[in-house]
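Engineer: Sequence:
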Amino acid sequence: MPPILFRNIVADLVRIKLLTATVLVSVIAFGAAIRPIMQNLLGAEDLLQFVTLASVPMLQFALPFAGAFAGTIVYARLAADNEILAMSSAGLCYRRILMPAIGLGLVLFVAMAILLDAGVPRFWTSMQRLITRDVTRLFVGAVERGEALVIDKTQLYADEVAVIPGSADGIGPTSRLALVGVAAIELGPDGRPVTEFTAELATVDVYRENDSAYLKLLFRNATAYNSEEGALVSVPQAEPEAIDLGKGIRLKPKDLDLRGLIGVWRDVEHYHAVAEPRARAIAALGAVDCWSCIAERLESDGAVRLVDANGRRAFEVRNARVEGEKLVARKGATLELVELDRGSAGRRAEVSEAILRPDPRAREGELAFELVVSGDRAVAQTVDTRGNTNGRWPPRLTSLMPSACAITDRSARSVDELSAEASALASNGASTGAMNGADAQVNPILRAQTNAISATNAMNESVRVVRADIVARIVQRINQSLCAPLMLILGAVLAIRLRGSNPLQVYLLAFIPSIVAVLLISGGEQMLRESTSVLGIFIATSGNIGLASMILIAYRQVARN
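11 is the number of the first residue of the sequence shown in the numbering used here; add one for each residue after it.
Treat the hints as calculated values from the structure; they're not laboratory data. Glycine included, C-beta positions come from ideal geometry on N, C-alpha and C. Be aware that one or more of the hints could be misleading.
What the hints assert, rightly or not - Quick list of the computed label-pair ranges, beta carbon to beta carbon:
| # | residue 1 | residue 2 | range |
| --- | --- | --- | --- |
| 1 | I522 | L562 | 16 to 22 Å |
| 2 | A188 | E471 | 43 to 49 Å |
| 3 | L514 | R202 | 54 to 60 Å |
| 4 | R322 | G41 | 56 to 62 Å |
Starting from the given sequences, assemble the full structure and let the hints guide the process.
Structural biologist: The following block contains the structure:
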């Protein structure tokens, strides 16, 4: 093909493709902004920035269909003006006539590969950061919709909200929310409500430091209910712990480029979706060590010492034996609890039983215990050996660890090593079936081992899910990149094959299988995210195989005729 003819055809293809892509991207990008606007998550000053950011990810959908439209229109015009016939009569084979479309398709493939790997993930993340960067706007939007603002394990509700500007000098809160008719729910590790607050009025101060943000809540005329202690308390002022909003959005595989995906695959243990289940598995295996130590101490002399987090205070349980999570008297009717402050005996109490269990207030993956004594189980008032006799033993002691117990440091162990250790526990009889008998009620070691096996299985499942997601993203990006040039070439070949037909009718014939191919890519990706399989890869690839088959069939018909 003469260079001038090649350049003119390519120029027409590029011109129509760019015009079509611009229209499609503008419509799709503004459509993507409708939901954040309706939810009051975007202000007028952020709308243009959001649409600009959204334009890049939307190109992955606009470019393939714009290419198909350009190929159809340009080659349909050439066929209608008998230019295709003239080129064929001049000795040009149809392969050379289609060379401009094929060459532009190769360029489009490279552009799509770069866009899907480098452009789309970064701009998706930028869009999310733009929406979530202003927690004030998020909370105001949630109140106006009558929904809760969910932050970590806290849910905040309010009937009315007003925004008070913060200090401009960076000292103090950056903004303050004045709330009326407030309810807050703190959830435990199992997702159930632990503490519930209701208040007439409340303030929420937003603090920012570097890239982090913190919320400080203050309830006035509040009522607090703790479901674990069954306590209902009314106070003029309640001040829960500050809520750390973290340092931004946690990146998912869809937000990572190929280098990032490979890095996560190689170092999956430190990826956040695996690191948290891994920390829980480490804590569960550490609990096996602790319970083994506690059971051994109680079996030998009936006493165990528990120390608090800072190591300043210790609590000793004497004359006790363990039944599941309960500590009951070894001899007689009561066991003895002794508080040791800096080595000196403080308060002392005799109770019928106590409960020693993992501390629900411990951070995710942290190992700690709590000692619970209900008031109706105390058979004697607490006696202070230093001369005081007032009060009772505290109903709950938190953040405790058994003293002088050897707990294996597993922080450097790999996922495979932790799984092997859990498998060894299972082979020793700590299976789920072993917990269905009476041993489950009296043997805390078996219970801890079963929990460790479950936590390790959850860790392994998280690894499988993350790696399946990585495979799904890579397969999706490869097929999405291949889809764009195939759609362009299909439109061009069909335009030549159906010379004399309405160009829009020809485009419709290319558009329908292209839509099917995109849906198959998405369906295969979803299958691969659930489980990596040959079937999922075939489904994701079958759309492109269909497009390529249509191109070959149409080309053979054109070449033969």
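Engineer: The structure should be examined with respect to each hint, and the outcome stated for every one.
Structural biologist: Taking the hints in turn, this is what the structure says about them:
no.: 1; hint: I522 - L562: 16 to 22 Å; verdict: 18 Å, holds
no.: 2; hint: A188 - E471: 43 to 49 Å; verdict: 44 Å, holds
no.: 3; hint: L514 - R202: 54 to 60 Å; verdict: 58 Å, holds
no.: 4; hint: R322 - G41: 56 to 62 Å; verdict: 60 Å, holds
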